[in-house]
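Asks: Here is what each chain is made of, one letter per residue.
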Amino acid sequence: MAVVGAFCVSVNREACLNAQMPGKCATCAEVCPHGVYVLDLATGQMHIQNYNACVGCRICSEFCPADAIRVNPAESEYLSRYPWTLAAVEEVHAKAQTGEYLLRGFGTQGPTPNFDMITVVPSQIASAAPRDKYREECDLEVVIGADTCERPLRLKLPFVWAAMSFGALSLEAKQALAIGAAMTGIATNTGEGGLVPAEAWLARGFADEARTRKQWDPGGYLIIQWSTGRWGVSVDYVNAGDAVEVKIGQGAKPGMGGHLLGSKVTEDVARVRGVPVGSDALSPCRYYDVQTLDDMRHMVAFLRDVTDYQLPILFKLGPSRPYADVAACIEAGADAISIDGLVGGTGCSPDIVTQGVGIPTIACIPPAVQALKDYGVHRKVKLIALGGIRSGLDAFKALALGADAVGFGSAAEIALGCRACYACHKGNCPYGITSQKPELRARLDPVEGGRRLANFIHASAEEVKILTMLSGHRAIAELTTEDLRAMDLNTAALTGLKLAGYERPLPIWEALTPRPAAEPRGANGNGLKRARPKARRVVRGKVPA
Amino acid sequence: MKTIDAKAKDLQTVNRAVRAAVNGEPVIVKHAAHLHGLAAGLKLGQVEVAGDAGDYLGVLNAGAVIHVNHDAGRYAADNMTAGTVVIDGDAGYGAGQYCYGGTVVVRGDAGDFTATMNKGALILVAGDVGDEAGTYMLKGDLVVLGNAGQNFANYLIRGTVYLGGTWQSLGHNTRQEPLTEADLAKLRGYFEQYGLQADPAQFKKIVAASAKPFYN
Ligand SMILES: Cc1cc2nc3c(=O)[nH]c(=O)nc-3n(C[C@H](O)[C@H](O)[C@H](O)COP(=O)(O)O)c2cc1C
Ligand code: SF4
Ligand code: SF4
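These protein sequences, in sequence, are chains L and G.
In terms of the working numbering, the first sequence has 90 at position 90, counting the first letter as 1, and numbering is strictly consecutive.
To get the working numbering, take the position in the second sequence, counting from 1, and add 1000.
Wrong hints could be hidden among the right ones.
Claimed, not checked - No farther apart than 35 Å at their CA atoms in a straight line, the calculated lysine-lysine pairs in the DSBU-like style are these:
1) 1009(G) x 373(L)
2) 1212(G) x 426(L)
3) 380(L) x 1007(G)
What the hints assert, rightly or not - According to the in silico footprint, chain G covers these stretches of chain L (three or more CB under 8 Å from chain G):
4) 234-241
5) 262-276
6) 283-294
Quick caveat, the hints were computed from the structure, so don't treat them as lab data.
For each residue, glycine too, the CB sits at the ideal point set by N, CA and C.
Next up, chain G with everything else stripped away, as it sits in the complex:
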């Protein structure tokens, strides 16, 4: 495994080294918390971030597997289209925004506006999420094992939101629906795959009340 020490290096230098390295074996990047946009736009490879990551980790990820063994800053996995981003600790504001595909797993808590404008990704948070999580989601799944803040799933358009705990308030254009067998199997599959302890049957399922809430 190749190791890149990012200490005192700039984004261009580190990302160029990561791009050169991921073509072969997995690459470890350490001391990278000051870099915003680490491992941007990768199409393949495996990146292990040792310690904390800065903002915009894995932005525009298009196929790489990126793992952070501590916390990630804001906007983790921003605008991802494919691949996986796993954060062992907490994620700041706006994890998994604007994603078209791929998977984001946050094993700790995630901040406000998590999964905003999700357009097709799976976003899985083992802890709690802040306010406005799942705002204007158009496709994909948001699964939160803990609790949610205010305006949860606000203006949901399509896609499904599952919550294990409770919300402070539910957003506009949302409707609760009973879990189907397919939902249970799907959640069970997610939990098994990422080693999460939760009972799918205890989850609330939220879908859009209207497919077109803005203009008739």
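Chain L with its partners taken away, still in its complex shape:
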């Protein structure tokens, strides 16, 4: 459901330059991604023509040179008009007028189950004593593929930039992410749009292609995404990074492939993706070249082979049946598995899919962890939680639920200046993050952007450190669900966490161990058949037969 009619826009005409001198300023009309303002060309007057469309991003207020605009939440529609809120009415009108369903960028709107109703349990006298954040050490490193490949990925901090493709993002945003990764020792990810060549050296901390000048320490990593559209994929692409991620799905549109509308497929994007300029690049919803779990195993085997058994192979899942899907990834030979929750961000997706499809992140992690435990590989095959991670606090909660690391997508965009206007798909991002237009891209300086991203990572890492140490741990690998409590019944029911005050998991969870295996799926598509859980035997440098 689009958030329309939820905000009141008001312009102080005393301050507004246009009101004083019609035609002098049209900044709000230029920057508003949703056409709330219009310039009357005959009179030169600005008007608010479409206040219902406002999503409350405050981009207009930020850009207004006279500080003349105020955007305030309107009275809650949910109290007075539900279910026919103005948003619902407007949505029906839009479809009735155009015959088209809505698209959306950025992510899910409105409340969904999230990390906020989980609290962190600090140490006091009865548990291991807290550790001193200011004077003691805390191990935040995460290693992926330690036992399975020659060049494991050693993340200095338990973070990655989520996969975000060139095309969805501008060149400058891609470069900023790579620089931010290099400054912090984490990994950036090509996303599914092919490789921006500079990513490969910027991510490792080099300012030049020849890699003679190391500019950013400690240097980070590049994860190469392998997806169902296979945009820009070649043997050189697969070998350009430090790990290969096999994308099965993502939180914003699980069951569908990536969407890049033709308006963002410029010559540069078309060249990197190897698609016609202006054509919609719509990735298939499944791999055309995988029909069974055995095929997936063979795909992992040849990816290991073409990367000479050097690199970890990761999987990325949308939020569907976390237990069974994670189990299938383990059986396919994953070294790490990312699972993206319901609210995971996107460059473009059908509105209803982003809003209404998938399992919330907090409900994905516990079954995913259970699958890893049942296979005897928890903390060996690494789990990366994505979807709605905004801070070190969210990250800590995901880690204590059993993830090894977390990914930031939307938060990375926001660190670059984004104000969450949900219009990334239109290609007019006023901050140059998700636009391909040269004049908008010029507003984003990759080095300055990289610095902001690195600052955000450093601050978030410190937050994780504080929380890890105050709960009595020396390393994030020691965190468990005992470090968390659910603060309401819903969250306790979704996560299996102990309910604060009650100090036990809800009885429905106590009855549910061990977890039931998922029902078998058909052999077709990517709903792959699974064998019974058994511990995976891994021989260094070799894929299990």
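Given the structure of chain L, go ahead and fit chain G with the ligands onto it with the hints provided.
Replies: Relative to chain L, chain G with the ligands alone:
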């Protein structure tokens, strides 16, 4: 010519041997039908597969010439960017998918979803193709001398599809166009190069109806 007997060997062992060998003379690989991903990601060389090949033969091929003298499994020449893969027998499901360049020749029949998401290769099938061949092609040529199954060339975006026989049904976003002199010369050239007997003038040419069929 060096010969590698792949019997009871795993992919890593065989592909390492192939990579070491292709730098010089052509290499023959026999008893390799159990290997999926044989000759993956080669940039040069010539590989002769004696007998059947498994799935993902020549995946990510980037310049080698790979010849199979019998049948290939599923997904032959998957995601090739350059080079040639010639299969004397039949190819299973999904031959020549996701290719950016190079040539795939199947002298027998090819399965469903052949040449899906072709982004620039020439894919030539002397026999019939199954259903959904040429789905979401973005560039390149698919030439089928025999018949096609259902939804042929479904959601074609760019590139050209030629069919010598008949289709069970034609996919969405397709349009038939008359052959030009350039088409005839091109087809004649392909047939001569790969020793195929066919009359280019009898072929149907299919192109995309709209360059942008999904979102306006
Ligand atoms: C602009 C943008 C582009 C994206 N592109 C991809 C992509 O190419 N491949 C992919 O697997 N996920 C893609 N995603 C999803 C992210 O990788 C990630 O799953 C999601 O953003 C995580 O949720 P968060 O945004 O709440 O952090 C994209 C997300 C955004 C915001
Ligand atoms: S720029 Fe954002 S806050 Fe301002 S009117 Fe447009 S949608 Fe509303
Ligand atoms: S990245 Fe740009 S277009 Fe997308 S939500 Fe943020 S400000 Fe809006």
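Asks: Taking the hints in turn, state whether each one holds.
Replies: Checked hints:
1. 1009(G) x 373(L): Holds. Residue 1009(G) to residue 373(L) sits at ~32 Å (cutoff 35 Å).
2. 1212(G) x 426(L): Roughly 16 Å between the alpha carbons, so the hint for residue 1212(G) and residue 426(L) holds.
3. 380(L) x 1007(G): Satisfied, since the Cα-Cα distance of roughly 33 Å is no more than 35 Å.
4. 234-241: holds (count 4)
5. 262-276: holds (count 4)
6. 283-294: holds (count 4)
When each numbered hint is compared with the structure, no violation occurs for any of them.
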